[in-house]
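> Those protein sequence lines, which keep their order, are chains A and B. Mapping of the first sequence onto the working numbering: position 280 corresponds to residue 280, and the numbering continues sequentially without gaps. In the working numbering, each residue carries its 1-based index in the second sequence increased by 366.
Since the hints were made in silico from the structure, they are not lab data. Heads up, some of the hints might be wrong.
One side of the interface only, derived from the structure: several residues of chain A facing chain B at Cβ under 8 Å [claimed, not checked]:
no., residue
1, M51
2, Y185
3, T287
4, A307
Every residue, glycine too, gets a C-beta built ideally from N, C-alpha and C.
2 protein chains.
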Amino acid sequence: MPVGTKATVKTMRPEELKEVGTQILLGNTYHLYLHPGAELIQKLGGLHQFMHWEGPILTDSGGFQVFSLGGDYETRNHSGITASSKSLVKLTEEGVEFRSVYDGSKHFFTPEKCIQIQCQLGADIMMALDECAPADSSKQYAKKALKRTHDWASRCVKEWQSNVKCQMSNVTKQALFPIIQGVVYDDLRIESAKFISNLDCPGLAIGGLSVGESKATMLHVLETIEPHLPKDKPRYLMGVGMPEDLLEGVERGIDLFDCVLPTRLGRHGHCFTHAGKVNLYNQKWQTLNQPLDPDCRCSVCQNYSIAYLHHLIREKEILGIHLATYHNLHFLLNLMTEIRAAINADKFPKFKKQFLQKYQVGMRGE
Amino acid sequence: MPVGTKATVKTMRPEELKEVGTQILLGNTYHLYLHPGAELIQKLGGLHQFMHWEGPILTDSGGFQVFSLGGDYETRNHSGITASSKSLVKLTEEGVEFRSVYDGSKHFFTPEKCIQIQCQLGADIMMALDECAPADSSKQYAKKALKRTHDWASRCVKEWQSNVKCQMSNVTKQALFPIIQGVVYDDLRIESAKFISNLDCPGLAIGGLSVGESKATMLHVLETIEPHLPKDKPRYLMGVGMPEDLLEGVERGIDLFDCVLPTRLGRHGHCFTHAGKVNLYNQKWQTLNQPLDPDCRCSVCQNYSIAYLHHLIREKEILGIHLATYHNLHFLLNLMTEIRAAINADKFPKFKKQFLQKYQVGMRGE
């Protein structure tokens, strides 16, 4: 899922999102709730109409940004203050109080309110409010945070089931995905996998990974919980989505991913290719009259030389970061298409090996 | 002509330039010569292939930027220096020496070299090197600058006629347009109109306007020279292109315009509409679920509300400035289409009156 933080996948028109093969995109509840506001988006016809995207939209609960951006307003605007930024987020069993990263105003999210906001936005898939504890949390804290995550998940399910506003039509209802947590502790992760799987929801997510732990640890957690997950519900690994992650994740049973990196890296002139990641700023591209990725069929690789992309990025031209973003999204979505085809043809292990061989050799070269 | 300064019309993909009705675009020789370099562009297949634009391209001579950016490197990089910035441009009969705005390096443009550079770029229409004297030049200086402009124009024509590299195929040759100057002095303008018209070139341009003189003065100059211009050559008014300018210019016999304003204003959140210019930052658009311009058929006005555009611009989202740019270019190119239709239907005066009535009432309201 390309990430459309503030009702736009940065630099991309919806027509272009379709071109690169987007099936579903992600919106950030935290940002949309604050700017321009969920009520306003509802009044303007919902997020789909607001941003002119007809396909499915998943919104997160806002919880991740509440915790990760919690101290940003103070540190950005009053740099003299040395108090721990964490103190600006007040966590209770009832919910979480935080200050807006935009203007410092106070807000309070409860599980119920998160569902109500996501109803207003009109998301096709809503996420339950959870506590994403840091990767280095003690087991004691991880346990406490997990209890809160499970309590909140149950409250989200209750609100979702009773809230008539989640009913989109006579037959369609907004979906709700609760989130498995448990930091890096096997027993907590298994406990959470069982608890979350038993909630009456059409899908589920795995949160709290790719937040500082090692790649090996992340993959170990995925392997640990896999046997405890239902076969018939889609599984969404949150905040993960580099090319190698998609392959490793799919191998461990993941269906859905989201990640800001393809768009963020593109804005910084970094592009995925079949031969590894490429830095467009590199002087060596200045005279090369060849596509960015000769194995890519996207319109950027069909129409432009890497010398032109280098020129645009070096001159800080907006078209440069747009074309880099466009290519990166196409690259990842095309990789997922190829993965699906490989699975259907019963050739996933071979496909994975071949892809990574070429990709990682390229990475060492760069 | 949309302006594609550094081999890109800022934020616009070539496919989008076609969508908004672009027939021809402009490239800046000064910038392309310095970054990434005319030789490199030639090696990469010429400007058309480099930027993936199949339609015609006009390049300016670079002279305007040499004079207008002449002192910028020093003032930007050594702000302690108080010497007049003009002194960094050294003008002789032979040509003009200047420092690069990028790195301060010294360069020398002669009329011949300007043609050679534009040959390398592969422009369909090249411009002659001229001296664009300031609007407040004394008559004595204006006369001197005009003599130089005419001498340089003759040298450009000679170089163009003898340079075999300007021959694009057996039948097609790059075109050359020389430029009428003369500041605001009627007799000098008439002298220049006659001299430039007599050169054996397929078209001509009118330069040195919209550089500080009043609108009334500009229109007076156009009226003064009109009877002295050949009927069978296209006339290009350089650096002019607001909606009202297009109407006034066409009425006085102008065929071609270029202006950075539709793209630059777009990047600052200002948009043309049939009811005047609109500032997208204005808070009053926050909740308005209507198109930016209800009378516009571009895909921005068909697909998005002004509330969404306001949100994007306020959040400094790249998509916001892209959509504003897209709409502005469509607006001006569509206006030219309507002007051509009105002329063909013998209804230009009525069309002009009706357009300006609505547009200017809107301008007063904003």
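> State for each hint whether it applies.
Hint-by-hint comparison with the structure:
no., hint, verdict
1, M51, "7 Å, holds"
2, Y185, "39 Å, violated"
3, T287, "6 Å, holds"
4, A307, "6 Å, holds"
When each numbered hint is compared with the structure, a violation occurs for hint 2 only.
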